[in-house]
Amino acid sequence: MFISKSKIDRFIRIVDAGLRSVVGTQQPTVLPIDEECKLTCAEAKKSAQLMRVNHTGEVCAQGLYEGQALVARDKNVREHLMQAAAEERVHLDWCKTRLIELGSSTSALTPFFFGASVGLGVVSGLLGDRISLGFVEATEDEVCKHLDRHLNTLSGRDVRSHSILKKIRLDEERHQRTALQDGGIEFPQVIKRKMAAMSRVMTKTTKHF
Numbered sequence: 023m024f025i026s027k028s029k030i031d032r033f034i035r036i037v038d039a040g041l042r043s044v045v046g047t048q049q050p051t052v053l054p055i056d057e058e059c060k061l062t063c064a065e066a067k068k069s070a071q072l073m074r075v076n077h078t079g080e081v082c083a084q085g086l087y088e089g090q091a092l093v094a095r096d097k098n099v100r101e102h103l104m105q106a107a108a109e110e111r112v113h114l115d116w117c118k119t120r121l122i123e124l125g126s127s128t129s130a131l132t133p134f135f136f137g138a139s140v141g142l143g144v145v146s147g148l149l150g151d152r153i154s155l156g157f158v159e160a161t162e163d164e165v166c167k168h169l170d171r172h173l174n175t176l177s178g179r180d181v182r183s184h185s186i187l188k189k190i191r192l193d194e195e196r197h198q199r200t201a202l203q204d205g206g207i208e209f210p211q212v213i214k215r216k217m218a219a220m221s222r223v224m225t226k227t228t229k230h231f
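Just add 22 to the spot in the sequence shown (first one is 1) and you have this note's numbering.
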């Protein structure tokens with residue numbers, strides 16, 4: 023079976039994205055805010071746990087969108103997904119930089135979650151572009167709720183982490199909105215609840231390692 027050059031290029035892009043997710047980018051990352059406040063050991067540990075989960079969440083979102091873009095039928099949908107994936111890369115770089123500042127590291131499970139997310143993205147993408155975009159909307163809906171919980175849990179003194187998560191949330195909310203505007207199907211709540219349950223598995227496993 024003939025495989026087009028464009029699909030090979032997209033596959034190479036996914037491999038490159040996976041490597042960057044694991045080892046990080048070579049470009050310096052500019053965080054949304056420069057101010058920093060000295061945190062207690064307990065506050066720093068809590069922030070690190072939350073930012074590790076957020077980093078893995080961004081890795082999952084990037085993998086999902088890369089997988090969907092690989093099999094997207096419509097060029098505009100593909101470009102939408104690739105742009106979203108590029109923004110998720112920026113987000114995960116912010117989270118990784120913040121983790122380093124907090125004296126911590128990303129999850130050891132990052133490669134597994136990236137690979138699983140790419141596979142899930144391919145499966146959802148094969149169901150059609152409208153369902154694929156609906157998956158984006160449902161994913162970002164859960165991400166926004168997840169970020170709200172973290173913003174309420176973080177120490178008020180951790181201004182830097184708060185700023186990062188607020189900026190990420192604005193981008194995720196836009197991804198959610200544009201997915202529907204571009205023709206995505208909004209999933210019923212029963213499916214969204216199942217997706218939320220799956221995301222809790224990631225949260226619990228990456229919080230500590």
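Each hint should be verified, as a subset may be incorrect.
Stated by the list, open to error - Derived BS3-like pairs: lysine-lysine, alpha-carbon spacing no greater than 27 Å straight-line:
(1) K68 x K167
(2) K189 x K229
(3) K60 x K97
(4) K189 x K68
(5) K189 x K214
(6) K97 x K167
(7) K67 x K189
(8) K188 x K60
(9) K229 x K67
(10) K67 x K97
Said to hold, decoys possible - Distance windows between CB atoms, simulated:
(11) L202 x T175: 26 to 32 Å
(12) A108 x A218: 23 to 29 Å
(13) R179 x I213: 36 to 42 Å
(14) F134 x R179: 32 to 38 Å
(15) R179 x F231: 24 to 30 Å
(16) D96 x K67: 18 to 24 Å
(17) S127 x A64: 14 to 20 Å
(18) A130 x V181: 25 to 31 Å
(19) G125 x V145: 33 to 39 Å
(20) K67 x L148: 37 to 43 Å
(21) L173 x S127: 29 to 35 Å
(22) R171 x A108: 24 to 30 Å
(23) I153 x I122: 34 to 40 Å
Treat the hints as calculated values from the structure; they're not laboratory data. Glycine residues also receive a C-beta, built at the ideal position from the N, C-alpha and C atoms.
Outcome of the hint check:
1. The suggested pairing of K68 with K167 holds, with an alpha-carbon distance near 19 Å, which does not exceed 27 Å.
2. A distance of roughly 21 Å separates the Cα atoms of K189 and K229; the hinted pair therefore holds under the 27 Å criterion.
3. Proximity of K60 to K97 is assessed by CA-CA distance (about 48 Å); at most 27 Å being required, the pair is judged violated.
4. Of the supplied pair hints, the one linking K189 and K68 holds, its CA atoms being roughly 20 Å apart against a limit of 27 Å.
5. Proximity of K189 to K214 is assessed by CA-CA distance (about 24 Å); at most 27 Å being required, the pair is judged to hold.
6. Restraint check: the Cα-Cα separation between K97 and K167 comes to about 30 Å, which exceeds 27 Å; the hinted pair is violated.
7. Restraint check: the Cα-Cα separation between K67 and K189 comes to about 22 Å, which is no more than 27 Å; the hinted pair holds.
8. This hinted pair checks out: K188 and K60 have alpha carbons roughly 20 Å apart, not beyond 27 Å.
9. At most 27 Å may separate the alpha-carbon atoms for a hinted pair to count; K229 and K67 meet this at roughly 11 Å.
10. For the proposed pair K67 and K97, the alpha carbon gap of about 44 Å is over 27 Å, so the pair is violated.
11. Between L202 and T175 the Cβ separation comes to about 29 Å, which falls inside the hinted range of 26 to 32 Å.
12. The hint said 23 to 29 Å for the Cβ distance between A108 and A218, and at roughly 26 Å that hint holds.
13. Between R179 and I213 the CB atoms are about 38 Å apart, so this pair conforms to the stated range of 36 to 42 Å.
14. One distance hint, 32 to 38 Å for the beta-carbon pair F134 and R179, holds here, with the actual separation near 33 Å.
15. For the pair R179 and F231, the supplied restraint of 24 to 30 Å holds, since their beta-carbon distance comes to about 26 Å.
16. Checked against the hint of 18 to 24 Å, the C-beta distance between D96 and K67 comes to roughly 45 Å, which is inconsistent with it.
17. The beta-carbon spacing between S127 and A64, approximately 19 Å, falls within the hinted interval of 14 to 20 Å.
18. Distance hint check for A130 and V181: the Cβ-Cβ separation is about 29 Å, which falls inside the suggested range of 25 to 31 Å.
19. At roughly 38 Å, the beta carbons of G125 and V145 sit within the given window of 33 to 39 Å.
20. Taking 37 to 43 Å as the suggested C-beta distance range, the pair K67 and L148 conforms, at roughly 42 Å.
21. Take L173 and S127: their Cβ atoms lie about 22 Å apart, and the range 29 to 35 Å is violated.
22. A hinted range of 24 to 30 Å for the beta carbons of R171 and A108 is consistent with their spacing of about 26 Å.
23. A hinted range of 34 to 40 Å for the beta carbons of I153 and I122 is consistent with their spacing of about 38 Å.
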